[in-house]
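Chains as they are written, first to last, in the working numbering: chain A, 1 to 324; chain B, 325 to 648; chain C, 649 to 991; chain D, 992 to 1334.
Because the hints were derived from the structure by calculation, they are not lab data. Being a predicted model, the structure only gives us computed values, none of them experimental. One should not assume that every hint holds.
[Said to hold, decoys possible] With beta-carbon atoms standing in for the labels, derived distance ranges:
#, chain 1, residue 1, chain 2, residue 2, range
1, D, Asp1177, C, Gln943, 52 to 60 Å
2, C, Ser687, B, Ala512, 49 to 57 Å
3, D, Gly1130, B, Pro346, 14 to 22 Å
4, B, Ser552, A, Ala188, 49 to 57 Å
[Stated by the list, open to error] Only pairs whose alpha carbons sit at most 27 Å apart, straight line, appear in this in silico DSS-like list of lysine-lysine:
#, chain 1, residue 1, chain 2, residue 2
5, A, Lys33, C, Lys942
6, A, Lys174, D, Lys1241
7, D, Lys1073, A, Lys33
8, B, Lys357, C, Lys942
9, C, Lys898, C, Lys942
10, B, Lys357, C, Lys784
[To be verified] Sample of chain A residues facing chain C (criterion: CB under 10 Å; computed from the structure):
#, residue
11, Thr15
12, Ile101
13, Pro185
14, Pro239
15, Gly310
16, Val311
17, Glu312
18, Ser316
Glycine included, each C-beta is placed from N, C-alpha and C at the ideal position.
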Amino acid sequence: MAETTYREALRLALTESMRSDPSIIILGEEVGKYGGAYGVTKGMLEEFGDARIRDTPISEEVIVGAAVGAAMTGLRPVAELMYIDFVTLAMDQLVNQAAKIRYMFGGQIGVPMVLRSQGGTGRSGAAQHSQSLEAWMMHTPGLHLAMPSTVTDAYHLLKHSLTLNDPVVFLEHKGLYTLKGTLEPDKALPWGKAEVRRQGGDCTLVSYSRMIHLCMDAAETLSKEGISVEVIDLRTLHPLDMQTVSESVSRTGRAMVVTEDCLTAGVSAELSARIMEEAFDFLEEPVVRLSGEDIPIPVSPQLEQGSVPGVERIMSTVKMLLRR
Amino acid sequence: MAETTYREALRLALTESMRSDPSIIILGEEVGKYGGAYGVTKGMLEEFGDARIRDTPISEEVIVGAAVGAAMTGLRPVAELMYIDFVTLAMDQLVNQAAKIRYMFGGQIGVPMVLRSQGGTGRSGAAQHSQSLEAWMMHTPGLHLAMPSTVTDAYHLLKHSLTLNDPVVFLEHKGLYTLKGTLEPDKALPWGKAEVRRQGGDCTLVSYSRMIHLCMDAAETLSKEGISVEVIDLRTLHPLDMQTVSESVSRTGRAMVVTEDCLTAGVSAELSARIMEEAFDFLEEPVVRLSGEDIPIPVSPQLEQGSVPGVERIMSTVKMLLRR
Amino acid sequence: MIDHPEKQQALRFFRQLVRVRTFEERVSELFVQGGTAGSMLHLSIGEEAGAVGVMGAMREGDGFTTHHRGHGIFLARGADPKRMMAEIAGKSSGYCRGKGGSMHIADMGLGHLGANAIVGGGISHVVGAGLTYQMKHNGNAAIAFFGDGAMQQGILYESMNLSALWKLPVMFVCINNEYGMGTRLDRASATLEFERRAETFGLRAAEVDGTDVFEVYNRSRNMLEDVRKGQPAFLKVNSYRFHGHARMDKSPYRDQDEEREGRKKDAIAFLRQHIVEEGWYQESECDELVEEVKQEMDEALKYAQQSSNPSPEEIYDDVFDPETDNPVSVDFRIRQALHYSQG
Amino acid sequence: MIDHPEKQQALRFFRQLVRVRTFEERVSELFVQGGTAGSMLHLSIGEEAGAVGVMGAMREGDGFTTHHRGHGIFLARGADPKRMMAEIAGKSSGYCRGKGGSMHIADMGLGHLGANAIVGGGISHVVGAGLTYQMKHNGNAAIAFFGDGAMQQGILYESMNLSALWKLPVMFVCINNEYGMGTRLDRASATLEFERRAETFGLRAAEVDGTDVFEVYNRSRNMLEDVRKGQPAFLKVNSYRFHGHARMDKSPYRDQDEEREGRKKDAIAFLRQHIVEEGWYQESECDELVEEVKQEMDEALKYAQQSSNPSPEEIYDDVFDPETDNPVSVDFRIRQALHYSQG
Ligand SMILES: Cc1ncc(C[n+]2csc(CCOP(=O)(O)OP(=O)(O)O)c2C)c(N)n1
Ligand SMILES: Cc1ncc(C[n+]2csc(CCOP(=O)(O)OP(=O)(O)O)c2C)c(N)n1
Ligand SMILES: [Mg+2]
Ligand SMILES: [Mg+2]
């Protein structure tokens, strides 16, 4: 089968969904003529026209707010924020409105929208263009939260997002768009189910998005040293598939969470706490959290790299955890 | 000594600080003529005049943004957001600007401002007026985060906030303003130091803000049943005094974190993970997280109450933890 | 003999105005009895003509959002006062089953896309609704109601611009009651030329006397014709907030004379006088109508009082589509962690 | 013989304009060599007169913020091109010690309160700076530079209103280069009457030809006089973005003819012609000046290339005031949890 990029897989998911569901529209900055800042929607304007692929002004708050209103009245909008860092401008619409409307209104209506964006380091975007802010959304009841790491997952998770009746925050990673892989369009991929990317018996690495690839590289190298690491890709942070995780940890007895977001009060805190809660009796060591440093992201590529976990540090931390 | 309310203690802290530091100004909605939605700044307009106590339009984003600019140029602004729920409108200014300016600019300048607000349940404010959003700030490097529970702490923490050279998010609780207590103006209260509010040997309760009082009530009742609970008030979530916490947990072997914010990816996740990391060898049981439910806050007073921890549930959970 | 159409309209409007005011008076009673859910209760007394006039010009299928002071608007739309009152009391027979309350009443059936407790929070939703209507070519319009205070929220201008840029069937209605909480308009806004502001964002704009329900109605109707054709509009309805900001506020920040004058701007009194002068109703007939409405609202009040509270386990309902997701309780998690049986 | 003052000014402006353009050309080279930190590099070629003209009218003590396309503005303020270039390269000799980069250059000494990578993000900071200056009665002004794209960000209007309401010494300068990324102004804005918008928020407003540095300068100087007295102002400087949005963008979305015409709006070419026509400089003297500037910028480039990268442990510096707080590394935490010795 031909290789597909993560970017293309996303585009394919959007395209196929739009073909079969006329209520889907895309709105955001540069999604049309420009084809998206990271090229995800390139060519879609030509197929779907400017009524369904809508370039917007630089007005993040109304981009999300209009998506909310459209979703309430019968459309299924995909609102794109160019960088997740800009969600800071639309938190009211995301958190106080989109996430709460079904509940506040007593279940009368859902808000079937997808907020697509991308985050993370890797392009020296500095402090305002490199953040990983998924913990905020994970902390917000009412939001689904998908963070695909592979070509096939990007495709299926986005397609599934476009069938849910509640808001989905769909976070891509700027470092993954050029990732290549074989797209398996027929793979069964239930929403909210983690995937064991690699089996192993010595310890369990739990991660998602770009960090999965670093974990896999680390696991591969470690395997040559006789260390057997299990790698779990959560795929979605809401729903969160703790069953797969605790099953694994109860076998390995050692767990390490790897995330790119800042350590303190980040996603790794929740995962660590949950693992302890669900597999306490099996834990030989405390759950280890290898996350981004508690700092803004600096622009220097060297410093940027040091701000988030890398393969070397994953390996050395696994070894510490295993007392090797 | 005369009893003082939490509200008065805050006002006193502001007033004394403004008397001694002419660079302090207050800006926000209704802080002047109205005296603050919860009455904290009542009467201050009369003393300090409208150049220093500034009513603003309903423009949360520029309230925080103007505070940032004022702080960078020599003032020490106290920006008030009427409800922490409205920080959703000013997250860019708080997170991308205030918290990162010192770092992005290579240490050239700090942003000495205090963002005062209040959160929590207790007044049937419903989903957009009852949230506890401190986890977002705790997850943001560059912010101090204070959440006082007592009259004396409110006073000292606010005064200290007004001496720091970095932004402080100062979160009051709408249910505490009428709390009475003896203000100890001379108490030494180092920034970032937790307080053991009650000593006990059977388990450690870690909490802050309003929940402290519920923990204390629960501990009192439990003591009559022969259960001895230690209660630790964190006071500030950044800095976070884990030393006091782990010292306690290493004695009691059992820890429970009580917070009002939503459970998932909330403050209790960080505290739970940290306790495990720092006191793993001493833990007889997993750290227990008793937090707000993962739901928006409903308006019905009965439902609202059920959304967050109460004294009864603290007691029953402690008993479960102690297998009584 | 067929009634003069103006008479019919006048009487319809009069009844609606009285209904709004009387409803708010009952809400106020409910509050005093401690029967409302919470203290954040904002009465629209003094603003009735804005609600009734604009609503009169709206059509079935149109959508709208309101601010926190939206009881009157929804009632004028045809809401059931019983279910409104029940919602304000936080009861399960309310529009939102006791989850939303006064500041979050909504009803998709009547096109009420929701009251909002964030100043400016609901404005952008009508942009999205307008987009839906435009794409469905259904001729509907989407109307955002908000207060003068929201005129300083940035999202309003983003919303205006986008509506005009995309030629959406959207109308922005500012219910100007001269105050945002304790702050008089001129202490919040550098200029008072709100219509000019709207025009520079590409909207048609006008202001109307919010004590004259006919003027409000006629202007809205005219505007809405163009709105439906893709020319978004802005309407400022001038009125006065008779009472405090919230039910407990005694407005000490307002000048007594100003208040006295302000309360004279009473659309109901004006219309009643007009109706009597025109001979459409006699005073006694007006009294009868008022009495009828009182009974209606008394019943609403009673209904709310007698309705039951939602049951505790309902807190987990409707966070998500029940088909796909349901939150687990904190207690469940704790029991799981401690290996306690669920119970 | 004393030079005509206009000549002196013209030559000063000419040098500054050439410096800005040459600086940007060197930045572009640095990029091609892979020497810039990141690809988010926005050149201000074509916008030089806005930077030089407004800056010429500013005084010592004035503060300002810029958008992401702010190199020229800061250079015109008197920045050291070496340290600028080093910052763009992410080196420790840069203005922000390699932490900020192109989009976050700042220098408190020169009143540069920071470039900002959030469209509209720095605008409100001048409101606060203006408040400081007002309270200190120091006669300073605070100026926000931003692009036409920021005209649709709500915070701009909140900032304008507050500045006018509080009579702050604040000036808003929109460097209109007709595009926000790939979107031409008329596809982003429902109306193009930005000055009218500003006026409805209480500002004095004007637009100027951004290819005429004298016009920009004179208008700014006039405006700033009133600004200092508490009358905030808005200035739109019309120009054209000669190159792509960021260094890698080839602007496929732009019409070729439009680009060709746009690039003719060249403030440098116009001024040079004027200078030669007036006989203030001969062509050869102009060439000499250009050569001098080239050398200056070559040196800046070399300086940046030769500067060293910040050292890895610096990532923990300056998150907080070093006197009060310093973050602990993730590795430290892990070692602590696993009882490993630190190291
Ligand atoms: C974003 C936001 N800021 C502040 C508040 C608190 N608040 C509630 S109503 C109100 C005044 C609103 O004034 P206006 O828009 O004129 O409406 P009115 O109350 O006069 O009907 C304020 C400040 C809020 N609910 N939301
Ligand atoms: C809040 C925000 N939204 C979007 C972006 C991405 N972005 C960066 S520059 C830009 C275009 C800005 O246009 P304009 O304000 O006209 O400035 P110019 O680039 O033309 O100088 C966009 C959309 C951003 N950095 N910040
Ligand atoms: Mg008002
Ligand atoms: Mg531009």
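Given the hint that Lys174 of chain A pairs with Lys1241 of chain D, does the C-alpha gap stay at or below 27 Å?
Given that 27 Å is the threshold and the Cα spacing comes to 21 Å, the pair holds.
Cut-off 10 Å, beta-carbon criterion: hint that Pro239 of chain A touches chain C:
It holds, given that the least Cβ distance between Pro239 of chain A and chain C is near 6 Å, below 10 Å.
Given the hinted pair Lys1073 of chain D and Lys33 of chain A, is their Cα-Cα distance within 27 Å?
Violated - the C-alpha atoms of Lys33 of chain A and Lys1073 of chain D are around 38 Å apart, more than 27 Å.
Are the Cα positions of Lys33 of chain A and Lys942 of chain C separated by 27 Å at most?
59 Å, violated
Verify the proposed pairing of Lys357 of chain B with Lys942 of chain C, using a straight-line Cα cut of 27 Å.
37 Å, violated
Interface hint compliance - Glu312 of chain A to chain C, C-beta minimum distance less than 10 Å
34 Å, violated
Do the alpha carbons of Lys357 of chain B and Lys784 of chain C lie within 27 Å of each other, as the hint requires?
Judged against 27 Å, a Cα distance of about 49 Å means the pair is violated.
Using the nearest Cβ pair, does Ile101 of chain A come within less than 10 Å of chain C?
7 Å, holds
Just to be careful: measuring from the Cβ of Val311 of chain A to every Cβ in chain C, is the smallest value less than 10 Å?
Cβ of Val311 of chain A sits 33 Å from chain C, so the hint is violated.
Does Gly310 of chain A meet its interface restraint, that is, does its C-beta lie within less than 10 Å of any C-beta in chain C?
Not OK, violated: Gly310 of chain A not within 10 Å of chain C, min 33 Å.
Any CB of chain C closer than 10 Å to the CB of Pro185 of chain A?
Hint on Pro185 of chain A: violated, closest Cβ of chain C at ~23 Å, above 10 Å.
Verify the CB-CB distance for Ser552 of chain B and Ala188 of chain A against the hinted window 49 to 57 Å.
53 Å, holds
Consistency note: the structure conflicts with the earlier hints numbered 2, 5, 7, 8, 10, 11, 13, 15, 16, 17 and 18.
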